[in-house]
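Engineer: Required output: the full structure, derived from the provided sequences and hints.
Per the numbering used here, the sequence shown runs over residues 1 to 193.
These aren't lab readings, by the way, just hints derived from the structure by calculation.
Hints are supplied without guarantee of correctness; some may be wrong.
[Claimed, not checked] DEER-style ranges, computed between Cβ atoms: (1) P113 with T159: 34 to 40 Å; (2) C11 with D143: 19 to 25 Å; (3) R87 with T159: 20 to 26 Å; (4) A68 with A161: 33 to 39 Å; (5) R183 with A12: 38 to 44 Å; (6) A6 with Q149: 35 to 41 Å; (7) P17 with Y84: 19 to 25 Å; (8) V43 with P92: 27 to 33 Å; (9) A6 with A93: 23 to 29 Å; (10) P91 with L56: 31 to 37 Å; (11) G156 with Q182: 35 to 41 Å.
[Stated by the list, open to error] Listed next, the in silico DSSO-like pairs over lysine-lysine satisfying Cα-Cα at most 30 Å (straight line): (12) K108 with K171; (13) K171 with K62; (14) K65 with K171.
Don't be surprised by glycine CBs; every beta carbon is placed ideally from N, CA and C.
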Amino acid sequence: MSPRLAVTDLCARFDWPQIFGNDRPIELDLGAGDGGFALAYAVLHPEINLLAVERLLGRVRKIEKRAARAAQANLRVLRLELGYTVRHLLPPASVSVVHLLFPDPWPKRRHWPRRLIQPPFVRDLAAALRPGGELRFTTDHADYFATAQEAVAAAGVLTRAPDWNWAADPKTDFQRTWEAEQRPIWRARWTRP
1 MSPRLAVTDL CARFDWPQIF GNDRPIELDL GAGDGGFALA YAVLHPEINL
51 LAVERLLGRV RKIEKRAARA AQANLRVLRL ELGYTVRHLL PPASVSVVHL
101 LFPDPWPKRR HWPRRLIQPP FVRDLAAALR PGGELRFTTD HADYFATAQE
151 AVAAAGVLTR APDWNWAADP KTDFQRTWEA EQRPIWRARW TRP
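Structural biologist: Printed below as a string of structure tokens:
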């Protein structure tokens with residue numbers, strides 16, 4: 001079975017047991033990049049199913065090849081825009097954890113409306129999370145970290161929670177680069193009440 005998730009109906013919400021062939025908890029890697037985190041995380045956590053969502057075709061193909069080579073049955077990759085996926089395709093109260101690692105910070109003020117973490121996106125994401133489900137956010141951009149916290153608070157649907165044990169998580173290429181340059185990294189975790 002190919003790790004690429006082929007969406008034939010862009011109006012139908014996902015049927016997780018049909019996609020993965022089981023009813024394990026669902027986690028998402030939104031903006032999966034080259035898939036290094038997704039693949040390593042799926043290997044470390046065979047007890048979950050992981051959907052890696054990435055918009056760029058070259059990155060999706062890379063993830064797909066690596067996942068197929070590893071025969072990683074609990075990983076699927078989807079090529080689609082993140083906001084659309086969250087708003088229209090995720091079933092309500094079906095996702096346990098969302099990993100949002102180093103999203104584009106759009107550092108110029110005039111580009112801030114393009115940032116992923118905005119109140120409408122947070123509300124859509126919260127609707128897809130199970131009660132107690134988590135959003136785990138990591139960035140190297142101090143301003144984005146501050147505005148993300150404001151956006152989540154403004155959405156009024158998630159509660160700030162203590163950090164998770166991120167030291168046990170695989171590192172992304174961005175994380176390795178920033179750590180080598182000794183740049184600070186900020187993390188936050190929110191849960192759906």
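Engineer: A separate judgement is required for each hint: does it hold in the structure or not?
Structural biologist: Okay, the hints, checked on the actual structure:
no.: 1; hint: P113 with T159: 34 to 40 Å; in the structure: violated, 25 Å
no.: 2; hint: C11 with D143: 19 to 25 Å; in the structure: violated, 36 Å
no.: 3; hint: R87 with T159: 20 to 26 Å; in the structure: holds, 21 Å
no.: 4; hint: A68 with A161: 33 to 39 Å; in the structure: holds, 35 Å
no.: 5; hint: R183 with A12: 38 to 44 Å; in the structure: holds, 42 Å
no.: 6; hint: A6 with Q149: 35 to 41 Å; in the structure: holds, 36 Å
no.: 7; hint: P17 with Y84: 19 to 25 Å; in the structure: holds, 23 Å
no.: 8; hint: V43 with P92: 27 to 33 Å; in the structure: holds, 29 Å
no.: 9; hint: A6 with A93: 23 to 29 Å; in the structure: holds, 25 Å
no.: 10; hint: P91 with L56: 31 to 37 Å; in the structure: violated, 25 Å
no.: 11; hint: G156 with Q182: 35 to 41 Å; in the structure: holds, 36 Å
no.: 12; hint: K108 with K171; in the structure: holds, 27 Å
no.: 13; hint: K171 with K62; in the structure: holds, 17 Å
no.: 14; hint: K65 with K171; in the structure: holds, 19 Å
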